[in-house]
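Going line by line, the protein sequences match chains A and B. Our numbering puts the last residue of the first sequence at 77; the count rises by one with no breaks. Our numbering puts the last residue of the second sequence at 1355; the count rises by one with no breaks.
The hints are simulated quantities; they were obtained by calculation from the structure and are not laboratory data. Check before you lean on any hint, since a few could be wrong.
As the list claims (entries may be wrong) - As a list, the in silico DSS-like pairs of lysine-lysine whose alpha-carbon atoms are at most 25 Å apart:
1. A:Lys39 to B:Lys1080
2. B:Lys1303 to A:Lys27
3. B:Lys1008 to A:Lys60
4. B:Lys1152 to B:Lys1200
Stated by the list, open to error - Derived, one-sided and incomplete: chain B residues facing chain A with beta-carbon distance under 8 Å:
5. Phe1013
6. Trp1054
7. Val1056
8. Asp1057
9. Arg1062
10. Pro1071
11. Ser1073
12. Ile1077
13. Ile1266
14. Ile1294
Idealized CB from N, CA, C, for every residue including glycine.
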Amino acid sequence: MKRVLAFALGLLIAGLPAGVASAQPEKKQKNEAEFAKEKPAVGDKLPDLTVYSPDGKEVKLSSLQGSHVVLTFGCLT
Amino acid sequence: MYRDYGPKNVKFFFVYKSLAHPELAGDYVQPFTLDERRAHARQAQRQLGATVPWLVDAMDNRLKHALGDRPNSDYIIDPKGVIVRKRAWSHPGEVRKDLEALVGKVDKVTREEDIKLALELPPKAPAERGVVPRIKRPRMQAIEIAPVIDPKGRPFYAKLRAEADADAIREGKGQLYLGFHLDPFHEAHWNNLTPPLKYKIELPDGVKIAKATGEAPKVKPASDCDPREFLLDVEAWTTDKPIKLTVTYSACVTDACYVIKQEYLIHMRRDRDGGGARGAGAGFWGDEFARQQIGRSKRNDGKVDRTEVIGLLVPHFEKLDTNKDGYLDLEELKVAAEWLNKHHQPGTPVPKKEK
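Construct the entire structure; sequences and hints are all you get.
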């Protein structure tokens, strides 16, 4: 049980350091404002790049058209 | 949101990219091949317990580079493939508001505490950790390495992480960190019954390095999984030419052991995809972390309540609130940090609490 809790803590906290940064409203606003100016911007087409599914299939981003798509960047750590 | 908006024809994807914090939450190291990356993504699916599908960025990090190079951004794309929202730091609450505006509200909102994630532990190391003292290397940055991959050869059971301090990157004179970390996905351990890991460096003209050859310390236990680390002084590394490093080591997987010889080219320039290591040597969790969390509260009463925590802290708040007062105080957050150190940064001893 302790180990499970410890693992949960790991996951919980792993996402937090930048969350700490996000608790600083001015810094966060500045970061978001700079990001908004960068290309591709809102209104631009998503670049049609090829990435992969976890089982190894190629996925062209244009193949996702037809629905709203939410992309969230992450990784194991 | 995935539960709420999936039925409304919204597709959700986590994008696997290079690790933002190697060594954290399971001693993961940067993958060298697409197969290893895909294995990471599958492990992330299991470890996080979420059913949201993943996309895996290519080894050249094309998607990360094309979409702003942030560690935790989010994008919403409309059905015609046009970007309609973007955020440098992903915020689920804001994404929900966006979807309410773009697609419409849902009848019943799934709350984080409604979700019972089937969390899974990171793979257990196949041998002891905490045997070899770690090298401290705060304030260093990953530099570019290119493993020389032989498709027919054995995998890189041990993977090099190279870092340098700011002086070395800027002026070519400073400290270079070479850490050989066993990749948990290959389930390998060092074979300490044979000679320890050795490296040999070939330098371009003019570049000086304190020890162009080196050997890891001899280790008593027959096997272990600690990194083999070296901190070297470098001088006059101002050329664009890489150094060539050859490493020889013996590693075992299940019941077979192999002597491995592998090569790398190392450039003295910052690796934009290298991430910031969060291992025992890099320093991370501790009392400062607990104090930062307290700083999230607007009440200034030395604790955080359920509405002030974010991410997965929310559904697990009750477990963390050991005195059941509805708040996480400094002591509870310190215990959280200690547990994290103990279980996710092997090699860092956790002081026992006095009874």
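Going through the hints against the structure:
no., hint, in the structure
1, A:Lys39 to B:Lys1080, "18 Å, holds"
2, B:Lys1303 to A:Lys27, "23 Å, holds"
3, B:Lys1008 to A:Lys60, "22 Å, holds"
4, B:Lys1152 to B:Lys1200, "23 Å, holds"
5, Phe1013, "5 Å, holds"
6, Trp1054, "5 Å, holds"
7, Val1056, "4 Å, holds"
8, Asp1057, "6 Å, holds"
9, Arg1062, "5 Å, holds"
10, Pro1071, "7 Å, holds"
11, Ser1073, "5 Å, holds"
12, Ile1077, "4 Å, holds"
13, Ile1266, "23 Å, violated"
14, Ile1294, "11 Å, violated"
Checked against the numbered hints above, the structure breaks hints 13 and 14 and satisfies the rest.
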